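**Q** Spelled out, the chains give:
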Amino acid sequence: MQLINRLKGKRRSVDDLIFDTINVIFMILLVIVMLYPLLNTVAISLNASTDTVKGGIRLIPRVFTWYNYEHVFTEATIMRSAVTSVLRTVIGTGLGVMASAMVAYTISRPHFFLKKFVTIAFVLTMYMNAGLIPTYLLHRDLNLIGSFWVYILPTLIGVFNIIVIRSFIEGLPETLFESARMDGAGEFTQFFKIALPLSLPVIATVSLFVAVGQWNQWFDVFIYNSSIPELSTLQYELMKVLSNSNAAFGSGAGAASQFANAQGGVVDVVTPQSVRAAMTVVVSVPIIMVYPFLQKYFVKGLTIGGVKG
Amino acid sequence: MADAANVAGTIVKNKPKIKAQKGLRYFVRKSIEQKELLLMSMPFLIWLFIFKYLPLSGWLMAFQDYKPARGFQESEFVGFDQFKFLFQDDRFLQVMRNTLAMSMINLVLGFVTAITLAILLNELRNVGFKRIVQTISYMPHFLSWVVVAGLVSSALSVDDGIINILLMNLGIIDEPIMFLGVGQYFWGLLGASEVWKSVGWNSIIYLAAITMIDQEQYEAAEIDGATRLQRIFYITLPGIKPVVVILMIMNIGYILESGFEAQYLLMNPMNMDYAENLDIFVLRYGLRQANFSLATAAGMFKTVISFIFLFAANKVAHKLGEARLF
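Chains as they are written, first to last, in UniProt numbering: chain A, 1 to 309; chain B, 1 to 326.
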């Protein structure tokens with residue numbers, strides 16, 4: 001009997017070992033699949049474009065150069081669009097998160113008599129979308145086309161963000177608010193002095209969501225402001241480079257060196273492929289540097305919001 | 001949060017109930033009493049009305065032959081003509097086929113891969129390794145579609161694209177394939193790109209649901225001699241079922257939302273017959289050809305279908321005794 005048990009135990013651990021090994025191998029493959037495209041892009045961005053055209057760049061640059069980045073950072077249109085990108089991200093996130101937090105606070109108050117009405121009014125819009133054309137006409141009537149504010153106002157508040165923040169505030173001990181009320185604090189004081197400071201983890205999460213959304217947006221630039229270079233953004237510029245090199249789709253090399261440098265030389269030439277690689281790295285690095293630090297928070301926020309939403 | 005089933009319970013509990021009217025006096029009294037809360041929410045209610053509800057009035061255009069120069073009032077009403085035109089238009093039917101195919105593929109692939117990844121992550125024994133894999137798997141979610149489309153088209157490129165090189169080295173193909181130039185491949189490529197971008201992110205919620213499953217069940221199963229796979233199939237999967245059902249309902253509401261950015265950015269004249277979906281159709285007719293009425297009709301059709309699907313899925317889930325959204 002003992003022997004049988006021992007044998008069973010052993011067989012199970014062998015099964016377990018096989019399972020674990022396959023699982024770990026699978027995870028390593030997954031990591032490679034996730035990382036390779038980006039690492040390859042980094043390598044291409046650091047390789048001389050005339051050499052990249054020959055192909056074969058994988059993870060390590062063959063002819064190392066900073067020139068692609070120099071080109072990206074000295075191009076006036078790119079620098080100007082970087083400013084717009086930063087502005088829309090900072091302003092959009094600041095205003096958007098503040099607005100969402102305020103609405104979330106009001107509907108987290110059990111005694112607020114419009115609690116249900118406000119909640120339903122917001123949640124309904126998650127599934128009710130007027131569509132591209134009516135929205136476009138509205139923005140035209142509001143004189144938002146050709147303006148910076150078309151990036152900020154229409155997407156000011158995200159319903160999902162409200163739900164995430166509300167759930168968090170509802171989880172704060174009500175006694176805190178009660179004692180503040182005893183001391184004569186109004187709703188604004190309670191919001192700014194209690195709810196907001198105590199909700200910092202969720203505010204950080206929502207800020208990340210909003211900031212990423214703003215930073216990565218290109219469609220509103222394309223629809224509303226494509227003819228105004230001052231209001232272009234990095235993602236839109238990258239999108240233009242992408243569709244240019246896609247003109248010869250499939251052939252990523254797109255040998256035509258559109259941006260041949262005046263100095264000539266072998267290295268001082270950039271191809272759309274190299275510009276695209278450098279720009280991809282430039283637009284992606286800020287987010288990639290930030291999100292791991294907020295991981296703990298956004299996993300929590302997403303769980304609350306996703307399940308309740 | 002207790003367990004996955006409870007979580008599902010809260011959603012049903014939160015079911016919106018519109019209270020009986022309480023009269024104007026009550027409203028005025030409360031408004032004065034809670035003027036600060038009112039002051040805090042009012043600007044954003046106005047915002048909501050202007051930006052989310054007001055544009056719905058634009059649906060009027062779908063029943064008109066809208067001429068921008070004339071405006072709503074002067075434009076001629078044509079009833080359901082725009083819709084009739086749409087359903088007789090071969091291009092629209094093709095676009096509908098693409099939209100449905102792509103969102104079905106994305107829906108199924110998305111669910112299966114995210115649930116699988118969550119379960120496999122949960123089975124990893126080394127916490128440090130698990131965390132590293134998780135962090136890396138979230139990364140593509142934070143990249144823009146512009147970036148991802150660039151990465152996809154270079155990976156699939158005919159000269160020096162990694163996919164072609166791998167397939168050739170493995171001896172599966174003899175010549176590089178121009179993946180993005182063949183329409184029939186588009187749906188699969190799009191599905192794969194979506195999975196690459198969001199599988200890690202989508203697994204978060206399932207992983208959270210798994211950690212809420214009662215650990216004693218696993219211990220009991222282990223004593224009874226259940227294998228790892230048995231534990232996965234008989235404990236983990238049933239344990240996360242409520243969350244899966246709810247997310248399924250929510251996603252079925254988006255059945256005609258097959259996405260826009262990915263298709264638009266990966267589309268080219270060669271794969272267009274398979275890549276063009278409703279959103280691109282609306283964009284093409286609406287803004288490029290300024291046929292506002294037709295584009296609005298197509299967009300309105302999308303929202304109405306979404307609502308029908310959402311309610312139907314909710315009903316079916318209710319009938320089957322599953323958790324439901326409302």
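Treat each hint with caution, since some may be false.
As the list claims (entries may be wrong) - Calculated cross-link-like contacts (lysine to any residue; reagent style SDA-like; alpha-carbon spacing at most 25 Å):
hint: 1; chain 1: A; residue 1: Lys193; chain 2: B; residue 2: Leu107
hint: 2; chain 1: A; residue 1: Lys115; chain 2: A; residue 2: Arg181
hint: 3; chain 1: A; residue 1: Lys300; chain 2: B; residue 2: Gln34
hint: 4; chain 1: A; residue 1: Lys115; chain 2: A; residue 2: Met128
As the list claims (entries may be wrong) - Calculated from the model, a selection of chain B residues having no Cβ within reach of chain A, i.e. all distances over 10 Å:
hint: 5; residue: Leu38
hint: 6; residue: Gly58
hint: 7; residue: Leu107
hint: 8; residue: Ile213
hint: 9; residue: His318
None of these hints come from the bench; they were simulated from the model.
None of the values given here were measured: they were computed from a predicted structure.
Each residue gets a CB set at the ideal place from its N, CA and C atoms; glycine is no exception.
**Q** Find the hints from earlier in the document that the structure breaks and name them by number, from lowest to highest.
**A** Of the numbered hints, 1, 3, 5, 6 do not hold.
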